[in-house]
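Q: Listed here are the chains, written in short residue letters.
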Amino acid sequence: MAHARVSRRTFLTGTAATGLTLAASHGRPARAADPKVLKVRSYVNLETLDPAFRLSAPEGDIIDAILLGLVGLKLGETWGWERDAALSIEQVDPTHIRFQLRPGIGWTGGFGEVTAEDVKFSYERIANPATKSPYRGDWAKLDRVQVTGTHSGVITLKEPFIPLWTTTLPTTSSALVCKKAVERMDGQRFTLDPGATCGPYRIRKWEPRLSVTLERNPQWTGAPPPFDEIQALAIVDTNAAEIAFEAGQVDVTHVPMTSVPRLRGKMPANATLVARPGLTYWWLGMQSEEGIFSDIRVRKAVQLAVDVKSVLDGAFFGVATRSNGIIAPGLVGHRERNLIAGPDLEAARKLLAEAGHPRGFKTEIGARNTPEFVNAAQVIAASLAKVGIQAEVVPFDSGVQKAMASDKAGGWKKMQMHIARFSMQPDPSWATVWFTSAQIGEWNWERISNPEFDQLHEKALAEVDPAKRHAMYVRMQDLMEQSGAYVFLTHGINALLYRNHLKPAFTPDGNRMVLRRFQLA
Amino acid sequence: MPAGPRPPRGGPALRRLLRDPLGALGVALVTLVVAGAVLAGPLSRADPTALDLPARQLGPSWAHPLGTDHLGRDLFARVLHGGQVALQVSGVSVGLALAVGLVLGMLAGYGPHWLDNALVLAFDAVRSFPTIMFALALVTLLGPSILTIVVIVVITSFPVYGRVVRTQTQSLKTYDFVLAERALGARLGRVLGRHILPNVLGPVLILASMEIPVVVTIEAGLSFLGVGIRPPTPSWGSILNDGYTFIRDTPWPVLAGGLPLVVTTLGFTFLGEALRDVFDPTLRHER
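Protein sequences appear in the order of chains A and B.
Counting in our numbering, the first sequence runs from 1 upward without gaps.
Counting in our numbering, the second sequence runs from 1001 upward without gaps.
Source of the hints: derived by calculation from the structure; they are not laboratory data.
All clues stand as given, with none of them false.
Just the calculated beta-carbon pair ranges, DEER-fashion:
hint : chain 1 : residue 1 : chain 2 : residue 2 : range
1    : B       : Leu1259   : A       : Thr370    : 22 to 28 Å
2    : A       : Pro261    : B       : Thr1167   : 56 to 62 Å
3    : B       : Ala1122   : A       : Thr370    : 36 to 42 Å
4    : A       : Lys386    : B       : Leu1142   : 26 to 32 Å
5    : B       : Leu1142   : A       : Arg276    : 37 to 43 Å
Model, not experiment: these values are computed from the prediction.
Ideal Cβ positions, reconstructed from N, Cα and C, are used throughout, including at glycine.
With these hints in hand, go ahead and build the complete structure from the sequences.
A: Structure (structure tokens):
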């Protein structure tokens, strides 16, 4: 057999030819996708499908396709819930919820029907401290689930807990697992094989760090799902995901905010862009306990100096709007306006002079090491320079700021200003909980302690009157702004691209894909 | 017993360097980079950190020869000032690493056996750390800054110089002129400073010139990863990173960040190789 001899010249010729071929093929339309196979991009490698130990939203998306809950999130542009496995569900008093399951929902693997025992097992498992679920807080107020029949039961709470209907029952923390299947597992927990599933899809294949493939569940008795397969492909880099979409490798993907203006100008063929206001909240914070920002006049000067509009133009390319607090529009507690309407450089300079810094001072802005954070920090630094504050941007790996804030040896004293973004569930308590006194040394990086704020947070958790609850959360955000330690920036947006042959299903903020509700257009 | 090192043969070094096409190209590229950095202010009046949001992502024009970035900053000014940062970091850190390596290398080569063993063990131990992992760990510990990059480079590269100097010193200490000096009762400092140092300096200077592009790419790499030079100070790595983020909108920032890295790396590499040929012609055919 003759051996091919690869010389430098043939190598270069071959490389050039390959490059030209690729270049020539650029711009051709992506090959037609099989409409019966839905390919979605996951921005993480999928590692676990256990509702009690999920690590990311894309894992929740898969869990929700293979497991049912009593109720699920209502689709559309406003937050709400609708029945899922429950035939009926009602709150009979502030601490009791009675439910009746739809009969005939089966588990795969010969585990029989979904029963009230499964509901009890699923919810008490997460609530049980011994399980060590990071989502235990979702069910922290659960006293017990009482089984009253094969398909019926009563959820009993220790005390009233309003977020139950917004961020516990309709979310992945309430996905039902099969009691008989999970009890057989070592430690009663699993990673990618729940033992039995009850949703319209079931797991067909898992390729570590590549993809998870779902197929139709043959035992599903509801409306037949439209897709033969759903493939969740792990593509971590957002630019790569966008290229994969254009190449026809995925049918749905989130795209970075920075791509939105370009995509609005030139959309890929047969595709639609959705950009929905997010729930997350971004802010500029100041560590108020030690150092220069312990003087409220300095903090207030920063509040007056930062030009949030420029931050939104520069770092968010004008696609996100200014936030008025930490609670997004559409949720109870959303504030209509900030107390400080816009920059007032003269007032800022005056406050700095009163605080003994007529020529400003040098400081640092800590920011997570991603373009949005670093860009926002640079624009803020440019704003502050106008009143003499020389702010240097210090990019950190995610986790470093948390480690500094939690440093018992005093590492938190090094924190001065920081840009932060916290994720959020559709209940205001998820936003305020991180700014209580109990969170100092954990997530309350500004280290503001206000007894009124703490009391309001606790009271609002049990307040059943929506108007009173709304007023409490508005007051809490007023207190935050009055402390001077916060400049609220934006809730950002979640942007998604999908192919026109699909009728997609997203949560109102566009953060989650409700895969089992995707249809063909 | 060897009589002593021989001086390089041939004409003046610079003429021989420029006669070599690779050397001439290296000199030209290095001159271009150094001149760009030194004359950054006069060559570009624009403030490399000034934001101009309405003028972002513009293509090249007379006002902005390399266009503008996503925050409207002039890319030409950022590239020139980024060159200052790259050369400052590489100059200072290579200089410090060279100084540490020279001292420790001479001590290892000239000193007692136990000291030699201890220092060689230290050189090998330091060299065994993967540079990037070590750099990321140190950045996490100290925070990103120019000083951190200098510390990283000094720690990771002084053993290279130390090893070379040690070998040269071990060879030199057996030459007649060193033995004669010792026989006359010269102190350690005099022997090392007056007799060993001048003879080991040439090879390590060549090595240092070849190390500069390595340091430039380390600085750019860390800045690309966002753990190097603090924004808004321009760095070729951060320009490249910004360009990568917005590559689908405009190619200019990637070109602006990438081209100086290529030019600098090639320039110093060519120059270093040509210098080696000039000062040690025996190696010319061993490349």
